[in-house]
Amino acid sequence: MAEKIIIVKNVSKTFPKVVAVNNLSFEVEAQTCFGCLGPNGAGKSTMMKIIYGKCTRDEKPMSQMSIFGYDPKDQELKIKYQSGVVPQDNNLDDELNVIQNLMIYSKFYNIPARLARERIAYLLDFLELSEKANSRITELSGGMKRRLVIARALLNNPRLLILDEPTTGLDPQVRHLIWDKLRLLKKEGTTILLTTHYMEEAFQICDTVMIMHKGQRIIEGPPRDLLAKNIEKYVLELLDAGALQDKFNDSMREQVRIDRSQQGTRLFSNNYDYLKTLAGSMESENYYLRQTNLEDVFLKATGRGLSETQ
Amino acid sequence: MHRRRIINTLRKLTTQTTKLAKESKRVFPPLYWRLYSVWYRHMRVYTKNIFSNGLPPFLEPLLFLAGVGLGLGTYITQSMEGLSYLEFLGTGLLVTAAMFTAAFECSFGTFIRLEFDKVYDGMLASPLTVNDLIVGEIIWAGTKGLFFSFAVLCILAIFGVIHLPYSLLAPLVGFLTGTMFAVISLLITSFVRTINQLNFFFTGFISPMFFFSGVVFPTSNLPSYIQPLVEIVPLTHSVRLVRAVCANHYQMIHLWDLFYIVAFILVVGFFAVKRLRRRMVN
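Top line first, the protein sequences correspond to chains A and B.
My numbering puts the first residue of the first sequence at 1, with every later residue one more than the last.
My numbering puts the first residue of the second sequence at 1, with every later residue one more than the last.
Among these hints, one or two may not hold up.
Here are the computed lysine-lysine pairs in the DSS-like style, where the Cα-Cα straight-line distance is at most 25 Å [said to hold, decoys possible]: (1) Lys-118/B / Lys-132/A; (2) Lys-48/B / Lys-73/A; (3) Lys-17/A / Lys-78/A; (4) Lys-60/A / Lys-48/B; (5) Lys-78/A / Lys-118/B; (6) Lys-132/A / Lys-48/B; (7) Lys-274/B / Lys-145/A; (8) Lys-118/B / Lys-17/A; (9) Lys-4/A / Lys-73/A; (10) Lys-145/A / Lys-48/B; (11) Lys-73/A / Lys-274/B; (12) Lys-274/B / Lys-118/B; (13) Lys-274/B / Lys-78/A; (14) Lys-4/A / Lys-186/A; (15) Lys-17/A / Lys-48/B.
I should point out that these hints are in silico values taken from the structure, not numbers from a laboratory.
Extracted from the complex, chain A is given alone in its bound form (with noise of 0.2 Å):
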């Protein structure tokens, strides 16, 4: 069995008003991508900065965290000088230029000057930035930017990568770059914890997806098994129920499942020839026949969450 990186038991996390983090466990095992999905709000973000010592978890007898060993309450150092960390913002130093921001950096964790400029050079170049090293911040694009704190997080080469939403507002060249980059990273033995609202990401890139809701752990595993497991292999989007209003009877929910929301109707079925008759009958505007995906996986999941807790 590989080795653990993360151990999280019974851990929580209470602000004044909400409870953030509610009783969560997970493991991460060496050189595997562990995503966590959820909507705004699930606690992603503040589970990722219990870990490296950001934000402290409720005291607790039960709570127990491991991370290469040790835990963030006391011995934060030592988790951070071994992992890189990308925030949600980008919080780069707007005065200073590409590789001074980065010369910085390599001072936080005593890196050798001479070391550090190869060392940044060699990011630079990774991350595709090496024509930018002499430029302002203010010139750089958002993208950029994004790589850049990409770039600052692995200064150290760190054996544990810690993305908050790395990708969120950028465009599909850029966010698929990045996803290249983390899949070569993977290969190199680096372990990656990271949140993301996009399921493509978590799909694309993860060998473990845990679905978050309100705090709690709702689905966890493998991106392909979740499909699997939790859900109809096709989907029949209704853009105008009305079109099937004489068809909604009782043969047809043994062969699908309805689910009605403010945006449309769904049918789900693993029967793609059933879904494909009923839909031969309206007009090809009205509907959209697909693969699930993720996504799907996600609604039910976050959909149902929303009622046990209620």
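Given chain A, work out where chain B should sit, using these hints.
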């Protein structure tokens, strides 16, 4: 047999030392380095705009001297605490320059880094503790105080207002003054919710101190009910100490001043760190 055993032991030893070397590389930097790296960060950002940041500290005392020497000074013929008015005010400026720069750095500067630029969030993800961050910042503000005092000293010396070499020690008092106003400013900032509230700190605390701590005129003639207040506020002690340094004339009271300053830094600094910690780590 015997030789082989020695070789084996030696080999084991070398692998162990290389392992140890690798292990020690996995140890986070020591405290002095962490403080230095925080200091270095601020120094680097400050010196990035060396012209616009480094010149005003020299221009400001120049303006003051011109105003007093050419204008105001001609009306004030009475000596103050045995000094000409130019020397009296000039020596006071040595510490007020340090006060203002440290107070700005650790109020508006800190608040912007904390709430707007989120600089600390990034730094706290590297191997630094909140304590490292705040203490490093206090030392940096002290350094700025030292530099600003030095700038005033240069101008005063060029125009022959003060006497070398004793006054060369004045920037050290500038450092202490900067540190003192760094800790009090950080403590105030820890209470502030919106940046505009800091205006009260400057109008209500810093500006009055400029006038009632013996910088512009001696405090000895102030009404007796104000005297205790004068003794409580921090700048009074800086001013007294820096004048003693410039004149190279020390009395027992200056030991009290030094004690006050050190105690102030330690006590207020302790609470500033304690309160700011809660704002940075939640």
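Here is how each hint holds up against the structure:
1. Distance restraint check for Lys-118/B and Lys-132/A: the Cα-Cα separation of roughly 23 Å lies within the 25 Å cut-off, and the hinted pair is therefore satisfied.
2. Pair hint Lys-48/B plus Lys-73/A does not hold up; C-alpha atoms about 36 Å apart against a cutoff of 25 Å.
3. Between Lys-17/A and Lys-78/A the CA atoms are separated by roughly 32 Å; this puts the pair beyond 25 Å, and the hint is violated.
4. For the suggested pair Lys-60/A and Lys-48/B, the alpha carbons sit about 47 Å apart, so the restraint of at most 25 Å is broken.
5. Proposed proximity of Lys-78/A and Lys-118/B is supported: the alpha carbons are some 23 Å apart, at most 25 Å.
6. For the given pair, Lys-132/A sits about 18 Å from Lys-48/B by alpha-carbon distance, which is consistent with the 25 Å threshold.
7. Proximity of Lys-274/B to Lys-145/A is assessed by CA-CA distance (about 33 Å); at most 25 Å being required, the pair is judged violated.
8. At roughly 23 Å between alpha-carbon atoms, Lys-118/B and Lys-17/A fall within 25 Å of each other, so this suggested pair holds.
9. Our distance criterion of 25 Å between C-alpha atoms is met by Lys-4/A and Lys-73/A, whose separation comes to about 18 Å.
10. About 20 Å separates the Cα atoms of Lys-145/A and Lys-48/B, which keeps this hinted pair within 25 Å; it holds.
11. Restraint check for Lys-73/A and Lys-274/B: the C-alpha separation of about 17 Å stays at or below 25 Å, so the hint holds.
12. Proximity of Lys-274/B to Lys-118/B is assessed by CA-CA distance (about 19 Å); at most 25 Å being required, the pair is judged to hold.
13. Under the criterion of a C-alpha separation no larger than 25 Å, the hint pairing Lys-274/B with Lys-78/A is consistent with the structure, at around 22 Å.
14. Proximity of Lys-4/A to Lys-186/A is assessed by CA-CA distance (about 15 Å); at most 25 Å being required, the pair is judged to hold.
15. Proximity of Lys-17/A to Lys-48/B is assessed by CA-CA distance (about 42 Å); at most 25 Å being required, the pair is judged violated.
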